[in-house]
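Each chain is listed here by its residues.
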Amino acid sequence: MVDFINALPGAVSQGLIWGILAAGVYITYKILDIADLTVDGSFCTGGAAFVVLFAGGANLWAALLAAALAGMAAGFATGILHTVCGIPAILAGILTQLGLYSVNMAIMGMKATVAINVTNPDVLDQLLVSLRFVQDVAKGARPLWRHPIFVVGLFTAAIIALLYWFFGRELGAALRATGANPNMARAQGINTDFCKVLGLMISNGLVALSGGLLVQYNSACEIQMGRGAIVIGLAAVIIGQVIFGKIFRNFALKLLSVVLGAILYYIVIQAVLAMGLNPNYLKLLSALVVAVFLSVPYWKGKYFSKPVKREGAKHA
Amino acid sequence: MLEIKGIYKTFNPGTVNEKRALNGLSLNLNDGDFVTVIGGNGAGKSTLLNAVAGVWPVDEGSILIDGANVARLAEHKRAKYIGRVFQDPMMGTAATMQIEENLALAARRGQRRGLKSGIAKAERERYREILKTLDLGLEDRLTSKVGLLSGGQRQALTLLMATLRKPKLLLLDEHTAALDPKTAAKVLDTTEKIVTRDSLTTLMITHNMKDAIAHGNRLIMMYDGRIVLDISGQEKKALTVEHLLEQFSRASGAEFASDRALLS
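As they're listed, the protein sequences go chains A and B. Going by our numbering, the residue at position 200 of the first sequence is 200; the numbering climbs one at a time, nothing skipped. Going by our numbering, the residue at position 80 of the second sequence is 1080; the numbering climbs one at a time, nothing skipped.
Isolated chain A, as found in the complex:
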């Protein structure tokens, strides 16, 4: 129990970082109605691009920006495969994800792991977030505002604000219409193919950004880091929706609920680890969690459906 409580700040920090990935997954899965599996590859692409540039002496923000751009390029590839080549979205994502494995290896100079030298205090101080900061703040060696929860929290707030702004624009509304009803969107002159590509780019840009942050947090990028990322992203989206869906109606709050979903997910993971579960079972656990949360709404609809109250039916 003490272990668990001690591990909580770390779990929340990780959850917040994954929350940015989950916000990206929300855009494709919920807004565009596409299950985009590119995520498993582009997450590592972001991490790889960041770690290589940063280790090569680039400015941290420039490296993060490059990570996001690399993710957008991955999303662009999936988008083109889907819209121009007519490949079903799921398959297009799988193809990009597979190809990205080689690309990620190439970015990392054909090494499966590239580390950031955090034993050098100068390098460590430059980082935005790090697991070490969690410990340092707890020991009082670093100011409270350097805590990852605070830093990533701010980051997340800025991203939610930006997304909220964008999806209220003409272009953002066109994106939402594309996901809600492509027939209607085209009839209203919306280029649905363009919107899908753009949505996939934004989504994977966020995913890669999240990868760039996680690499800092773990002070290393590892070629397998993206494996199952889409499942964790979906878990966050679904947990957030199931728990906060009834109270959070506003779009910004929905994005917040996704981030909270990611945090809850990591707290649960931390709890089962504290109970002594072999970490190798985590992937199975993740898959089960998502399967259960995905089936709940389905079973509910099938066996416990309440009559739908139709507002204003009297006018019909």
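What the hints contain is simulated information worked out from the structure, not anything from laboratory work. Keep in mind that this is a model prediction, so the values were computed, not measured. Among these hints, one or two may not hold up.
[What the hints assert, rightly or not] Below 30 Å or equal to it, Euclidean Cα-Cα: the simulated DSBU-like pairs (lysine-lysine) are: (1) B:K1077 / B:K1116; (2) B:K1166 / B:K1236; (3) B:K1116 / A:K30; (4) A:K30 / B:K1080; (5) A:K246 / B:K1121; (6) A:K246 / B:K1145; (7) B:K1145 / A:K302; (8) B:K1145 / A:K30; (9) A:K300 / B:K1145; (10) A:K30 / B:K1121; (11) B:K1077 / A:K30.
Dock chain B against the given chain A, drawing on the hints supplied.
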């Protein structure tokens, strides 16, 4: 205004399911023509509208709107000229978006969509006024999700959306067929009002012969991917259902085969 010259469309060519849906069809619409389209099952009515709207490209022939050939233009580009209402009430609106958001999307039909606000404040007042004309109480529910509306309300809203920016051509694909008779009559009434008010060039498919006769200034009947009857002016005003059926069998050499058309 609309000039269709010899269009052909075959679905599933080279398979056992091959179906020649449009068979060298030609049609000219004048500015302000309100044309009702009738025909039996599989006559090619919806195919004709989809060909004009650009849901898929035609195999042959040209489609001119105001002199510009749109036959090779993508669906979303043709939307600049065309307002559409579909048979399925679910198809013309985005259920998960608000009424005002749907209207705002329609208000930008054929325009570049950039980073300007999705809905300007001044728009809301205009939408409220326009929704009032429907007399469905929707003007007080601007921020309700469209998914909460009934089929009739959604069709009425789709009609508003299709005509919010005056289209050069309005395509109505049996837009009252999925509604109960009372609602259908109301939506049809609204259609008539809007088409007359804006003198819109309109193609309206209907399965109801009485409606086809009662509305519009011109009636065309389709059979086997072609137009077999084209009646306008005084002759149309004098039409009766019996007369129409008789003319149809003379023109096509077949019985009028539409379960729905005969029952209604």
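Taking the hints in turn, this is what the structure says about them:
Straight-line distance between C-alpha atoms of B:K1077 and B:K1116 comes to about 20 Å, which keeps the hinted pair within the 30 Å bound. With a C-alpha separation of about 27 Å, the suggested pair B:K1166 and B:K1236 falls inside the 30 Å cut-off, and the hint holds. Distance restraint check for B:K1116 and A:K30: the Cα-Cα separation of roughly 23 Å lies within the 30 Å cut-off, and the hinted pair is therefore satisfied. In summary, the hint linking A:K30 to B:K1080 is supported, as the alpha carbons are separated by about 28 Å, within the 30 Å threshold.
Annotation: proposed proximity of A:K246 to B:K1121 holds, straight-line Cα distance about 28 Å (limit 30 Å). Simply put, A:K246 and B:K1145 have alpha-carbon atoms about 15 Å apart, close enough for the 30 Å limit, and the pair holds. With a CA separation close to 23 Å, the supplied pair B:K1145 and A:K302 stays within the 30 Å bound. About 16 Å separates the Cα atoms of B:K1145 and A:K30, which keeps this hinted pair within 30 Å; it holds.
With a C-alpha separation of about 22 Å, the suggested pair A:K300 and B:K1145 falls inside the 30 Å cut-off, and the hint holds. Distance check on the hinted pair: A:K30 and B:K1121 sit about 27 Å apart at the alpha-carbon level, within 30 Å; holds. Under the criterion of a C-alpha separation no larger than 30 Å, the hint pairing B:K1077 with A:K30 is consistent with the structure, at around 26 Å.
Checked against the numbered hints listed earlier, the structure breaks none of them; every hint is satisfied.
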